[in-house]
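Full structure from sequences and hints, please.
Heads up: the sequence lines are chains A and B, in that order.
In terms of this note's numbering, the numbers along the first sequence are unbroken and rise by one, the last being 103.
In terms of this note's numbering, the numbers along the second sequence are unbroken and rise by one, the last being 192.
Hints in this document: simulated from the structure, not taken from any laboratory.
For every residue, glycine included, the Cβ atom is placed at its ideal position computed from N, Cα and C.
It is possible that some hints are incorrect.
[Unchecked claim] Residues of chain A clear of chain B, computed beta-carbon distances all greater than 12 Å: (1) 0; (2) 5; (3) 15; (4) 32; (5) 35; (6) 51; (7) 54; (8) 59; (9) 68; (10) 89; (11) 99; (12) 101.
[Claimed, not checked] Here are some, though not all, of the chain B residues that point toward chain A, as calculated from beta-carbon distances under 8 Å: (13) 119; (14) 120; (15) 123; (16) 126.
[Unchecked claim] Simulated coverage check for chain A against chain B, where a stretch passes if three residues somewhere in it have a Cβ under 8 Å from a Cβ of chain B: (17) 36 to 47; (18) 61 to 67; (19) 78 to 87.
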Amino acid sequence: DAGVIQSPRHEVTEMGQEVTLRCKPISGHDYLFWYRQTMMRGLELLIYFNNNVPIDDSGMPEDRFSAKMPNASFSTLKIQPSEPRDSAVYFCASSHGGASTGELFFGEGSRLTVL
Amino acid sequence: AQSVAQPEDQVNVAEGNPLTVKCTYSVSGNPYLFWYVQYPNRGLQFLLKYITGDNLVKGSYGFEAEFNKSQTSFHLKKPSALVSDSALYFCAVRDLSYNTDKLIFGTGTRLQVFP
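So, in structure tokens, the structure goes:
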């Protein structure tokens, strides 16, 4: 398997623009997680899905952030409008069985810079 | 809420020497504890986990971790460090609070192994 695939790997945009990050989880995995990593705040869970259904979105910073999982092989994280403080590395991870197994498989991340 | 603490931002060790990366936890109930490693510009990779059983857990790349209930610790160890072990290490705990099931990560410890 190719692992978790994220795109784009790097995105530079201007404040106010819409940003869409994409994730393809490992086939057969039933959980998908979106994390954000910054120097100041470390690794934060934004939202996670189980069988394509959002379970916990309490980590989503505000209404500018939204995430969808229309099918088992694709998820998006959208920021509209983007702000400089959204600059971070966004990771998608998938697993079979969720946190109880603890073995999450991470993508290589999407580095977002908002100017 | 469940949490983990990594008291050291950075650990420096000479190649060939034993290494320890510290983690303490705060949970209600039985802890599910994990270690992950992040190499530069990469996503996190699972190293090992403790759910129940033997207090000494063995994982990938020769790493092991010792669960200590009385000290609420789960330190990562390796008998002989390699330069290639230099990376960012994260301790994590399973969080079952508020009807959710997710991994909460510590702030990370940067391990630097010198030749």
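Evaluated hints:
Listed as a non-interface residue, residue 0(A) keeps its Cβ farther than 12 Å from every Cβ of chain B; the least gap is roughly 16 Å. Every C-beta of chain B lies more than 12 Å from that of residue 5(A), the closest at about 24 Å, which supports listing it as non-interface. The beta carbon of residue 15(A) is kept farther than 12 Å from every beta carbon of chain B, the shortest such distance being approximately 17 Å. At roughly 8 Å from the closest C-beta of chain B, the C-beta of residue 32(A) falls inside 12 Å, breaking its exclusion from the interface.
Against the 12 Å criterion, residue 35(A) falls within the reach of chain B, whose nearest CB is about 10 Å from its own CB. Residue placement check: residue 51(A) keeps its beta carbon more than 12 Å from all beta carbons of chain B (closest about 20 Å). Chain B leaves residue 54(A) outside its interface by the beta-carbon criterion, the shortest separation being 19 Å against a cut-off of 12 Å. Annotated as non-interface, residue 59(A) keeps its C-beta farther than 12 Å from every C-beta of chain B; the closest such distance is 22 Å.
Against the 12 Å criterion, residue 68(A) stays outside the reach of chain B, whose nearest CB is about 25 Å from its own CB. The Cβ of residue 89(A) sits about 8 Å from the closest Cβ of chain B, inside the 12 Å cut-off, so the non-interface label is violated. The claim that residue 99(A) lies off the interface is violated: its Cβ sits roughly 8 Å from the closest Cβ of chain B, which falls inside the 12 Å cut-off. Under the 12 Å C-beta cut-off, the non-interface status given to residue 101(A) relative to chain B holds; the minimum distance is some 14 Å.
The restraint placing residue 119(B) at the interface with chain A holds, with a minimum CB-CB distance near 6 Å, inside the 8 Å limit. Residue-level restraint check for residue 120(B) holds (minimum Cβ-Cβ distance to chain A is 3 Å; threshold 8 Å). A hinted interface residue such as residue 123(B) counts as satisfied when its beta carbon comes closer than 8 Å to some beta carbon of chain A; here the least separation is about 5 Å, so the hint holds. The restraint placing residue 126(B) at the interface with chain A holds, with a minimum CB-CB distance near 4 Å, inside the 8 Å limit.
Coverage of the segment 36 to 47 of chain A by chain B holds [criterion: at least 3 residues with CB-CB distance below 8 Å; count 4]. Counting residues of the segment 61 to 67 of chain A whose beta carbon lies closer than 8 Å to any beta carbon of chain B gives 0, which falls below the threshold of three, so the coverage claim is violated. Counting residues of the segment 78 to 87 of chain A whose C-beta sits closer than 8 Å to any C-beta of chain B gives 4, which meets the bar of three, so the coverage hint holds.
This entry does not satisfy hints 4, 5, 10, 11, 18, going by the numbered hints stated previously.
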